[in-house]
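**Student:** Those letters in the sequence shown? Residues 2 to 111, per the working numbering, in order.
Hint data in this document are derived by calculation from the structure and do not stem from the laboratory.
Check before you lean on any hint, since a few could be wrong.
[As the list claims (entries may be wrong)] Subject to a maximum C-alpha distance of 25 Å in a straight line, what follows is the list of computed DMTMM-like cross-link-like pairs (lysine to aspartate or glutamate):
id	residue 1	residue 2
1	LYS58	ASP110
2	LYS58	ASP24
3	LYS34	GLU96
4	LYS29	ASP95
5	LYS58	GLU96
6	LYS68	GLU96
7	LYS68	ASP94
8	LYS53	ASP95
9	LYS111	ASP64
10	LYS98	ASP64
11	LYS98	ASP44
12	LYS68	ASP110
13	LYS45	ASP110
14	LYS29	ASP110
15	LYS98	GLU54
16	LYS34	ASP24
17	LYS68	ASP24
18	LYS74	GLU54
19	LYS53	ASP110
20	LYS74	ASP24
21	LYS111	ASP44
22	LYS29	GLU96
23	LYS111	GLU54
24	LYS29	ASP64
25	LYS53	ASP64
26	LYS45	GLU96
27	LYS29	GLU54
28	LYS58	ASP95
29	LYS29	ASP94
30	LYS74	ASP64
31	LYS74	ASP94
32	LYS74	GLU96
33	LYS93	ASP110
34	LYS98	ASP110
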Amino acid sequence: MKFKHVVLAASAVLVASGASAMDAAAAKALASKSACLACHAADKKLVGPAYKEVAAKHQGQGDAVAKVSARIKSGGSGLYGPVPMPPQPNLKDDELKLLAQWVLAGAPDK
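Sequences are here, hints too, so could you generate the full structure?
**Tutor:** Written as structure tokens, this is what we have:
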């Protein structure tokens, strides 16, 4: 009986890790399509801050996904410097959430 539980647990881990990889790929594709990657990179400042810097700034904040989603949608400047980030008002709420989660994870490739 224990073996069955181990197999089920391992299967759940494999399914979860596959879902994460798919979400990261979808988020990266959405970021590319939305021109986010023209100004941001995962680990270095371009025009805007590195995604890892954004993730570090919001680490431990329970409302980080909501804050970053709202910032992506509305755009703005002043948080990381004077260069304004253009708004993304045409993104749907689930797309904004996906991008925010990806950014807060440090923009992983997988």
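**Student:** Work down the list of hints and note, for each, if the structure agrees.
**Tutor:** We went through each hint and held it up to the structure:
1. Distance restraint check for LYS58 and ASP110: the Cα-Cα separation of roughly 20 Å lies within the 25 Å cut-off, and the hinted pair is therefore satisfied.
2. Simply put, LYS58 and ASP24 have alpha-carbon atoms about 22 Å apart, close enough for the 25 Å limit, and the pair holds.
3. Taking the CA atoms of LYS34 and GLU96, the gap is about 12 Å. The hint holds against a cut of 25 Å.
4. At roughly 14 Å between alpha-carbon atoms, LYS29 and ASP95 fall within 25 Å of each other, so this suggested pair holds.
5. Under the criterion of a C-alpha separation no larger than 25 Å, the hint pairing LYS58 with GLU96 is consistent with the structure, at around 21 Å.
6. Proposed proximity of LYS68 and GLU96 is supported: the alpha carbons are some 14 Å apart, at most 25 Å.
7. Between LYS68 and ASP94 the CA atoms are separated by roughly 13 Å; this keeps the pair inside 25 Å, and the hint holds.
8. Between LYS53 and ASP95 the CA atoms are separated by roughly 21 Å; this keeps the pair inside 25 Å, and the hint holds.
9. A distance of roughly 24 Å separates the Cα atoms of LYS111 and ASP64; the hinted pair therefore holds under the 25 Å criterion.
10. Of the supplied pair hints, the one linking LYS98 and ASP64 holds, its CA atoms being roughly 12 Å apart against a limit of 25 Å.
11. At roughly 21 Å between alpha-carbon atoms, LYS98 and ASP44 fall within 25 Å of each other, so this suggested pair holds.
12. Simply put, LYS68 and ASP110 have alpha-carbon atoms about 23 Å apart, close enough for the 25 Å limit, and the pair holds.
13. Taking the CA atoms of LYS45 and ASP110, the gap is near 15 Å; set against the 25 Å cutoff, the hint holds.
14. Our distance criterion of 25 Å between C-alpha atoms is met by LYS29 and ASP110, whose separation comes to about 7 Å.
15. Under the criterion of a C-alpha separation no larger than 25 Å, the hint pairing LYS98 with GLU54 is consistent with the structure, at around 18 Å.
16. With a C-alpha separation of about 15 Å, the suggested pair LYS34 and ASP24 falls inside the 25 Å cut-off, and the hint holds.
17. For the hint linking LYS68 to ASP24, the alpha-carbon distance of about 20 Å falls within 25 Å, and the restraint holds.
18. Straight-line distance between C-alpha atoms of LYS74 and GLU54 comes to about 19 Å, which keeps the hinted pair within the 25 Å bound.
19. Proximity of LYS53 to ASP110 is assessed by CA-CA distance (about 13 Å); at most 25 Å being required, the pair is judged to hold.
20. Taking the CA atoms of LYS74 and ASP24, the gap is near 19 Å; set against the 25 Å cutoff, the hint holds.
21. Using a Cα cut-off of 25 Å, the hinted pair LYS111 and ASP44 holds, with the two alpha carbons roughly 15 Å apart.
22. Straight-line distance between C-alpha atoms of LYS29 and GLU96 comes to about 11 Å, which keeps the hinted pair within the 25 Å bound.
23. Our distance criterion of 25 Å between C-alpha atoms is met by LYS111 and GLU54, whose separation comes to about 19 Å.
24. Taking the CA atoms of LYS29 and ASP64, the gap is about 22 Å. The hint holds against a cut of 25 Å.
25. At roughly 17 Å between alpha-carbon atoms, LYS53 and ASP64 fall within 25 Å of each other, so this suggested pair holds.
26. Of the pairs offered as hints, the one joining LYS45 and GLU96 holds, with about 24 Å between alpha carbons and a cut-off of 25 Å not exceeded.
27. Of the supplied pair hints, the one linking LYS29 and GLU54 holds, its CA atoms being roughly 17 Å apart against a limit of 25 Å.
28. Between LYS58 and ASP95 the CA atoms are separated by roughly 22 Å; this keeps the pair inside 25 Å, and the hint holds.
29. Distance hint between LYS29 and ASP94 is fulfilled; the C-alpha atoms sit about 16 Å from each other, no more than 25 Å.
30. The hinted pair formed by LYS74 and ASP64 meets the criterion: a straight-line CA distance of about 16 Å does not exceed 25 Å.
31. Taking the CA atoms of LYS74 and ASP94, the gap is near 9 Å; set against the 25 Å cutoff, the hint holds.
32. For a cut-off of 25 Å, the pair hint linking LYS74 to GLU96 stands: about 10 Å separates their Cα positions.
33. Of the pairs offered as hints, the one joining LYS93 and ASP110 holds, with about 22 Å between alpha carbons and a cut-off of 25 Å not exceeded.
34. With a C-alpha separation of about 17 Å, the suggested pairing of LYS98 with ASP110 holds against the 25 Å cut-off.
In summary, this structure violates none of the numbered hints.
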